[in-house]
Amino acid sequence: MATIKEIARAAGVSHSTVSRALNDSPLIAEGTKEKIRQLASEMDFEVNHAARSLNRRVSNVIGIVTPPFFGDMKSELFFASLTDQLIRALQDEGYLIKMEYGGAENGRVRKLSRGRNVDGLIIIDKDLPKSDAAFLKFEQMPVVFLHYEPEQFTPDEVYLVKTDHHTGGFLAGEHLLENNRRRLMSLTAKDGVSIEYTERTDGFLHALKTHRAPDPVVLKTALSFHAAYETVSMTPAIAKREIDGLFAQTDIIALAAIEAMKDMGVRVPEEIAVVGYDNIEIGSYFKPHLTTIEQPVRPMVETACRLLLEQMSGKNPPFQHVRIKPTLIKRDSVVASS
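Residues 282 to 619 in my numbering are what the sequence shown lists, from first letter to last.
Because the hints were derived from the structure by calculation, they are not lab data.
Please read these numbers as outputs of a predicted model, since none were measured by experiment.
Treat the hints with caution; some may be incorrect.
What the hints assert, rightly or not - In silico lysine-lysine, PhoX-like type, Cα no more than 20 Å apart, as pairs: (1) Lys-392 / Lys-411; (2) Lys-596 / Lys-314; (3) Lys-501 / Lys-471; (4) Lys-501 / Lys-521; (5) Lys-314 / Lys-418; (6) Lys-392 / Lys-418; (7) Lys-543 / Lys-568; (8) Lys-471 / Lys-407; (9) Lys-418 / Lys-596; (10) Lys-543 / Lys-521; (11) Lys-606 / Lys-596; (12) Lys-379 / Lys-392; (13) Lys-316 / Lys-286; (14) Lys-286 / Lys-411; (15) Lys-568 / Lys-596; (16) Lys-418 / Lys-286; (17) Lys-521 / Lys-490; (18) Lys-407 / Lys-418.
Let's have the full structure, built from the sequences with the hints guiding it.
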């Protein structure tokens, strides 16, 4: 008797395509379904109806998988807000929640999903191991990736909801330029952290190019408050006022930069204006109140929940990447240069 893997090899398609075709998924073309069914018949493949019945069992539980650093809320206040709103939205729909912290690296995606202990997953993590990614594709578990773009999936095989970070970076750069700030710097993550920081930088550079502004300085740092404070404190271009505007790509490092500049005798925003990113609540309490780019947390959560619940109800919407535009929040850390 043939296996799904053998049928996939014979048909020249993925395991998940074979599984979807045999389950009559509307995501698979009729011609492909017919070819796979014919091969399954010729290769003496039999569907395990008992297993299929078990797989359709409803647990009324949704799993949420977060990255391993998520336990450190001091530096991840944005994720605290995102996950809090996500849990509330799912509970309002009547679901129980199972959380896995750092689950991807430890194979807990498979543990959480195996035996249909959950009806669906929302994954806030980009670094799934290949074995977990293969498991999700094969099992056809309803899944939505939120905030992070998974590296192991192509656009035509995943549901993704995230911020349009290119627009976010553009808004930050444009706001500084509109306030007569022309000598700009961006404080961003070190290489390899996440594609979102590349997208923010690209948007920032696009704004400067659009407005024919000089090329900025791009300064890289670890994303903790302490690391950003130290980085800014040791940057001569800031001490010498060689820049007049700073786009810090998280609110945490923006607040660290402001505190460092205060200790250096740099006046914010008069000498150097600052724009952050995330709109975490604490930014509105620091002095000066932080101008920032607000990530669209509520629309992201609502969209992710809708896509997951549609999958769970059998509607099977087309795979899609949803990028939701952020908003500029104007406060006191940016004023027009005299």
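Now the hints, each set against the structure:
1. Lys-392 / Lys-411: At roughly 15 Å apart (the allowed maximum being 20 Å), Lys-411 and Lys-392 satisfy the hint.
2. Lys-596 / Lys-314: Given pair Lys-596, Lys-314 holds - Cα atoms ~18 Å apart, limit 20 Å.
3. Lys-501 / Lys-471: holds, 5 Å
4. Lys-501 / Lys-521: At roughly 19 Å apart (the allowed maximum being 20 Å), Lys-521 and Lys-501 satisfy the hint.
5. Lys-314 / Lys-418: holds, 17 Å
6. Lys-392 / Lys-418: OK: Lys-392 and Lys-418 at ~15 Å, within 20 Å.
7. Lys-543 / Lys-568: This hinted pair holds, its Cα atoms lying about 10 Å apart.
8. Lys-471 / Lys-407: Holds. Lys-471 to Lys-407 sits at ~16 Å (cutoff 20 Å).
9. Lys-418 / Lys-596: Roughly 18 Å between the alpha carbons, so the hint for Lys-418 and Lys-596 holds.
10. Lys-543 / Lys-521: holds, 14 Å
11. Lys-606 / Lys-596: violated, 26 Å
12. Lys-379 / Lys-392: holds, 12 Å
13. Lys-316 / Lys-286: holds, 15 Å
14. Lys-286 / Lys-411: Given that 20 Å is the threshold and the Cα spacing comes to 16 Å, the pair holds.
15. Lys-568 / Lys-596: The hint is violated at about 49 Å.
16. Lys-418 / Lys-286: holds, 12 Å
17. Lys-521 / Lys-490: violated, 25 Å
18. Lys-407 / Lys-418: OK: Lys-407 and Lys-418 at ~15 Å, within 20 Å.
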